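Participant: Here is what each chain is made of, one letter per residue.
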Amino acid sequence: MKRVLDILGQGFAYFLFALGIGYFASQPTYHPFADDQALVKLAISHPGQRKQACTARAVDHQRNIPKTARKLMDCPRERHPVTIELKIDGKTVFNAAAAPSGLSSDGRSLFYERFPVPAGSHEILVKLFEAETAKGSHYKFSQKIDLKPGEIAVVGFDPTAKAIYFK
Amino acid sequence: MLNNIQRPLQAVLLKFEGWFDRPFGPEWNPLRHLGALSFYFFWIVAVSGIYVYIFFETSVTGAFQSVESMTHDQWYAGGIMRSFHRYASDAMVVTTFIHMGREFIMDRYRGVRWFTWVTGVPIIWLLYASGIGGYWLVWDELAQYLMIASAEWLDWLSIFGEPLANNFLTPASFSDRMFSLLLFLHIAIPLFLLIACFVHVVKISRPRINPPRGLAIGTVLMLLALSLVKPAISHGPANLDKVITAVELDWYYALAYPLFDMWGAGALWLIAITLSVFICWLPWMPSLKIKEAAEVDNLNCNGCSRCYADCPFGAVTMQPRTDGRPYPKIAQVDPDICTSCGICVGACPTSTPFRSADMLVTGIDLPHFRLTELRADTDASLAKLPEILPPGSPRIIIYGCDFGIDVEQIKDANVVVTRLPCIGMLPPSFIDYILLRDKADGVLLTGCREGDCYHRFGINWTEQRLTGERDPYLRERVPRERVWTCWGAVTDGAKLSDEIAAFTEHLRQLPQAIKQPGQEAAE
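Chain order of the listed sequences is R and V. Residue numbers for the first sequence follow the working numbering, beginning at 2 and rising by one. Residue numbers for the second sequence follow the working numbering, beginning at 212 and rising by one.
In short, the hints are calculated from the structure, not lab data. A hint or two may mislead.
Unchecked claim - Result set (DSS-like, lysine-lysine): computed pairs, CA atoms no more than 27 angstroms apart in a straight line:
(1) V:Lys453 <-> R:Lys149
(2) V:Lys226 <-> V:Lys706
(3) V:Lys453 <-> R:Lys145
(4) V:Lys706 <-> R:Lys3
It should be emphasised that the depicted structure is a prediction, and the values quoted were computed from it without experimental measurement.
Start from the sequences, fold in the hints, and give me the full structure.
Facilitator: The following block contains the structure:
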């Protein structure tokens with residue numbers, strides 16, 4: 002009799018364990034995003050302008066360098082931070098500068114931001130500054146968009162076309 | 212402070228464990244095999260993963276369909292294997308965390324155990340990386356949600372040339388090459404997890420990495436039943452043009468993701484790193500005060516290796532002898548990993564109280580509680596018996612350890628007690644010494660609960676010595692009916708009282724005098 006009770010007790014313990022595993026493996030349902038919203042993603046990787054322009058190297062200086070290592074131009078690698086300003090329906094939702102990546106600060110400035118917006122029509126304005134913002138934007142993009150619930154729209158930069166795009 | 216936290220938790224845990232002891236028995240109690248169960252779940256995940264991999268297609272467009280096909284078209288094999296893969300992974304998280312919590316509550320993470328404790332932290336990181344990586348591969352809506360959130364979380368560190376999340380901007384940006392990388396990670400990280408598990412137990416002597424057979428069978432049957440009743444299924448296929456609005460999260464692995472959504476990547480990194488550092492720091496908060504390590508007496512050590520075989524932490528090693536004595540080896544104690552439990556003293560064949568010298572010297576001894584003190588304590592306790600003994604009552608001496616039932620609370624008139632660091636420290640010759648010289652009518656040994664010795668093997672070795680399975684064994688001339696054992700935790704005082712009453716009654720039924728060797732022949 003005790004053996005039967007032991008087996009029943011073990012079965013009950015296994016049942017409780019399985020219940021806990023089975024339930025929390027998928028429940029309760031989580032809602033990371035409201036059903037009536039859409040998402041605008043700003044995903045741009047863009048290099049800023051070089052801080053200093055290239056300069057020609059002096060001929061005398063070249064003489065002391067092996068032929069294989071000679072360069073005509075001296076180009077400092079460091080770049081300016083890139084600044085992006087994003088307005089949705091006239092309201093600035095993002096305005097920040099990103100430092101150049103890389104140990105020598107010569108890489109691209111990276112932007113990745115998410116902006117939940119209500120589904121529907123929106124006016125989007127994007128400005129990208131490759132150097133100081135005071136000198137004016139280098140790239141500008143504006144478009145009226147219509148987003149369905151749950152739709153993801155991406156603001157990016159096409160390096161071939163050299164233009165900000167929206168899709 | 213630490214005691215105030217641990218004591219009440221211990222009471223709850225021990226109560227809970229006691230309930231499990233009833234149906235499972237001490238040998239199969241799952242709460243005493245949490246580490247072994249975690250290992251076992253790992254192997255189930257590995258085997259089921261290999262099966263699932265055979266039918267898995269490593270591509271963005273083919274992954275979802277191949278998983279769907281094995282789940283539905285091949286539900287009796289692939290579907291069950293997939294469910295095993297998922298549920299065993301979940302079970303591994305559960306047993307790992309309970310294992311960690313239990314070791315903390317039972318104060319088995321400080322002192323020499325710090326290494327095992329600290330190496331458990333990377334195991335948790337690798338466990339999560341393995342599990343979450345598995346969800347990505349299904350490439351359904353849940354995978355999409357977890358993948359993008361994971362990428363955004365990692366991108367916060369700014370260690371990648373391009374944000375990882377850029378790979379998941381649009382359906383076109385997610386390539387098969389990236390998918391192959393995810394699959395590679397899901398194979399490589401579990402391999403690192405296995406290595407981490409090996410490191411976790413490397414400093415433990417005889418680690419228990421396999422659960423008892425009964426528990427192993429029961430666990431597989433449980434997983435099978437769960438897989439049949441609630442098979443693991445996918446969400447809808449991933450669509451990077453759409454945002455995920457509802458997911459049935461696996462909360463064992465994805466608990467942090469809602470926190471990520473609420474607080475952001477920086478806060479989650481802060482929590483994860485702070486928590487990891489805090490857990491690693493726990494063994495020194497405060498550190499365990501360890502008494503002096505065991506010492507080897509060169510003149511009395513004959514290199515028999517019994518202490519080496521019995522040491523639960525591998526602190527004793529056998530080294531070539533250099534002192535000219537006619538034995539090839541000598542024991543050597545590593546003081547950094549010795550817990551001063553005294554099990555080595557109990558294992559030493561020279562640890563005998565029969566020697567007439569005032570100062571007992573044994574091959575290996577504890578500086579803070581020498582064998583000679585154990586004999587003196589025993590004699591002092593036994594000397595009290597005639598004074599307190601009610602007429603006709605059997606005389607009992609109890610040996611109790613510092614971590615099991617609190618023997619000091621025993622107030623029975625016919626009982627005296629002697630404490631020692633671990634019951635495994637008691638050489639069987641002490642029982643012989645007491646009964647042979649008629650110093651008491653019975654000897655009762657207590658310690659921690661079965662399968663849960665604080666010093667790991669104190670109870671096992673003691674029982675094996677009593678039954679003659681392990682050296683040094685209790686001599687055959689000792690009347691076994693006068694030796695009783697009662698294993699229990701610090702909260703099991705009532706159990707000991709019941710056992711004392713039963714032992715007293717049992718001894719009353721026996722002939723009063725203990726026959727001495729040769730006495731029967733003379734009669």
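Participant: Sort out whether Lys706 of chain V lies within 27 angstroms of Lys226 of chain V, counting only the CA atoms.
Facilitator: holds, 13 angstroms
Participant: Need the status of pair Lys706 of chain V, Lys3 of chain R: alpha-carbon distance at most 27 angstroms?
Facilitator: holds, 20 angstroms
Participant: Within 27 angstroms, alpha carbon to alpha carbon, are Lys453 of chain V and Lys145 of chain R?
Facilitator: holds, 20 angstroms
Participant: Going straight from one Cα to the other, do Lys453 of chain V and Lys149 of chain R come out at no more than 27 angstroms?
Facilitator: holds, 10 angstroms
Figure legend: structure checked against the earlier numbered hints; every hint is met.
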